[in-house]
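Trainee: So the sequence lines, in the order shown, correspond to chains V and U. For the first sequence, position 275 (counting from the first letter as 1) is numbered 275 according to full-length UniProt numbering, and the numbering increases by one without interruption. For the second sequence, position 1 (counting from the first letter as 1) is numbered 1 according to full-length UniProt numbering, and the numbering increases by one without interruption.
Rather than coming from a laboratory, the hints here were simulated on the basis of the structure.
Here are the simulated DSSO-like cross-link-like pairs (lysine-lysine), alpha carbons at most 30 Å apart as the crow flies:
(1) K265/U / K293/V
(2) K203/U / K213/V
(3) K138/U / K213/V
(4) K213/U / K203/V
Read off the chains here:
Number of protein chains: 2
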Amino acid sequence: MTDVRIGVIGLGNMGTPHAKNLINNEVPGAVLTAVCDARAERLDWARQELGGDVALYENMEALINSGQVDAVIIATPHYYHPDMAMQAFAEGLHVLVEKPAGVYTKQVRLMNDAAAKSGKVFGMMFNQRTNPLYVKLKDLIASGELGEVRRTNWIITNWYRAQSYYDSGGWRATWAGEGGGVLINQAPHQLDLWQWTTGLMPKRVRAFCYFGKHRNIEVEDEVTAYVEYDNGGTGVFITTTGEAPGTNRFEVAGERGKIVVEDDKLTFWRLRVPEPEFNRTYQGGFGQPECWKCEVPVRGTATQHVGIMRDWVNAISQGTPLLASGEEGIHGLTLSNAMLLSSWTDSWVDLPLDEDLFYQLLQERISKSSTAKEADEYRKLDLSGTH
Amino acid sequence: MTDVRIGVIGLGNMGTPHAKNLINNEVPGAVLTAVCDARAERLDWARQELGGDVALYENMEALINSGQVDAVIIATPHYYHPDMAMQAFAEGLHVLVEKPAGVYTKQVRLMNDAAAKSGKVFGMMFNQRTNPLYVKLKDLIASGELGEVRRTNWIITNWYRAQSYYDSGGWRATWAGEGGGVLINQAPHQLDLWQWTTGLMPKRVRAFCYFGKHRNIEVEDEVTAYVEYDNGGTGVFITTTGEAPGTNRFEVAGERGKIVVEDDKLTFWRLRVPEPEFNRTYQGGFGQPECWKCEVPVRGTATQHVGIMRDWVNAISQGTPLLASGEEGIHGLTLSNAMLLSSWTDSWVDLPLDEDLFYQLLQERISKSSTAKEADEYRKLDLSGTH
Chain V
1 MTDVRIGVIG LGNMGTPHAK NLINNEVPGA VLTAVCDARA ERLDWARQEL
51 GGDVALYENM EALINSGQVD AVIIATPHYY HPDMAMQAFA EGLHVLVEKP
101 AGVYTKQVRL MNDAAAKSGK VFGMMFNQRT NPLYVKLKDL IASGELGEVR
151 RTNWIITNWY RAQSYYDSGG WRATWAGEGG GVLINQAPHQ LDLWQWTTGL
201 MPKRVRAFCY FGKHRNIEVE DEVTAYVEYD NGGTGVFITT TGEAPGTNRF
251 EVAGERGKIV VEDDKLTFWR LRVPEPEFNR TYQGGFGQPE CWKCEVPVRG
301 TATQHVGIMR DWVNAISQGT PLLASGEEGI HGLTLSNAML LSSWTDSWVD
351 LPLDEDLFYQ LLQERISKSS TAKEADEYRK LDLSGTH
Chain U
1 MTDVRIGVIG LGNMGTPHAK NLINNEVPGA VLTAVCDARA ERLDWARQEL
51 GGDVALYENM EALINSGQVD AVIIATPHYY HPDMAMQAFA EGLHVLVEKP
101 AGVYTKQVRL MNDAAAKSGK VFGMMFNQRT NPLYVKLKDL IASGELGEVR
151 RTNWIITNWY RAQSYYDSGG WRATWAGEGG GVLINQAPHQ LDLWQWTTGL
201 MPKRVRAFCY FGKHRNIEVE DEVTAYVEYD NGGTGVFITT TGEAPGTNRF
251 EVAGERGKIV VEDDKLTFWR LRVPEPEFNR TYQGGFGQPE CWKCEVPVRG
301 TATQHVGIMR DWVNAISQGT PLLASGEEGI HGLTLSNAML LSSWTDSWVD
351 LPLDEDLFYQ LLQERISKSS TAKEADEYRK LDLSGTH
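Let's have the full structure, built from the sequences with the hints guiding it.
Mentor: See below:
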């Protein structure tokens, strides 16, 4: 079987290591054949670092039309993801998109439709799905060990970013440039894992976002969100880039006990008898189910971005199921959009959310953005997806 | 100096051990001289267990008019606390009230006014203020070690109660009988400590209470509350009686790091340089302040109810300041009332809260309560306080 020929679109903070990993043969069955970037200095870098066998392009159209690639990895700014993915699908290419899937779900829904129609392999760079802690958590919930989930609580506040980080690029943390803050840039991993591990999406969301609270930025840098699930359970998600040292603690309470993932450890407080059964039969007034604190072994290491690339390439060449299907990128983005919308409207947001309203309120912010000059370009891109 | 002569009003779950502790000389400088309870079987118990020197009364009026007491401990159902305290102050007695201070702040405000006018020593049975963990936390915050508080998060879900607990008394977990659920019965300690340790009361509250979600009861058995403080900080408070094994984890993030109280331990993640200073000077983009994980020694043991009684008796006989002043009972109750009001109105509640609205909505619930027969009695008591 011949190697899958891969093009990397965008040689920024993420595309650069992806290209290098491919060149270093970290992904068996795959070969880097082309890269593109609009910036001459990034192509200079590619010329020197990637070797003569890799074709260099200034724009994605040239790359996807080159006949040199079977598949592309899209690592451009967030707003471009859906449109570029759709162009690639239209050319019959497989696609792996960096997170987030896009900036608003309306745009991402079009991408998902295009992916489905194309029949190509569509992956999302949710590298934290390779973390054995979350794989184990998902297993314990899906297998029924924890029982029905009743309450989730994720405090993910260790995404510290100083002002100098935000000042490092004019597009950073702007509505026109990134389309959001901590929810769109840092926390998409946890927003994905929150629903992926539990198998639960909220039915409604009430969130409290603060914009430029800790830093001189336009977008949200602190969020507390409250959600209700269809099964009657509830959840809280807290994130910020303004806190040091911050916390990363994910607690899931279920009918059979409680699981906490923190400090690279998974602990399961397991009830000997499920709580509902205890409650039905216990007659003693005060008293509670016997509980065992179980240190659950978690084996393996997180293969991260390389792991996701390998998984995607295997899916292309061998038809194996994806660990992180591209279509699933919309779930975390839905949570993110709903949290912003709830704050903007100071009210509950029912899911599925009002995507037109979100789009409209986002456009209002883009038009007033400090990088609003770029907004025309973004808007043009956005609309191109609606054709 | 002669002993302070104490009467215990109500020989239920709390008054009974308080009386025994006094008889067992656990409180130096105090002597139990009288008790009252409307139930003959409780007076029979008192006759057998408390010895012949303790006068027995069927009602509080007889006790407080007996001339046999200088001070009373009120351990009756919640609704009675303010009215009984006011009667005792009117008789020139010192008062120690079991938590909660009352059921609604309007009632408690009258009690506080009466206490202030009386000049007597007014204590509240916040026995968890004697826990050295929270004393230390308060110290670290008040002394500036943690810096300005930015975020609080208390998950206090280990108040498990089975249905058999609620079934053990018809008045339990009813609007007429208790005036609330987990917020009024179990969590008042944490609602008090939340504001006592941080020195922060919210400026507004948005809460999500569920009524009879986990148990067959009228009142709230699960609460998630979000608050905003005057200083720009935010907080989350989560409690339920429906979860096992539950969690008791209090996290406070500040400008100089983070403190977590959990598992009878206080841990301080201390930043070498305060975060705002780091942020002002750091130029490296990614990167964060150096942080030391400090295991802070916490000495002493929680003296609990006996400790509060000793403290109150010392305040009476020696004029020492109270660890838990009765007037401060209104703070936690304000939080509790605001959380219910926010849920009932499905909206923000600004503090100071609309006490008349809370009272009105509570009365509506009392009138429909399964123990509504008792409601007339409660209403009569409530109104007596307005004279």
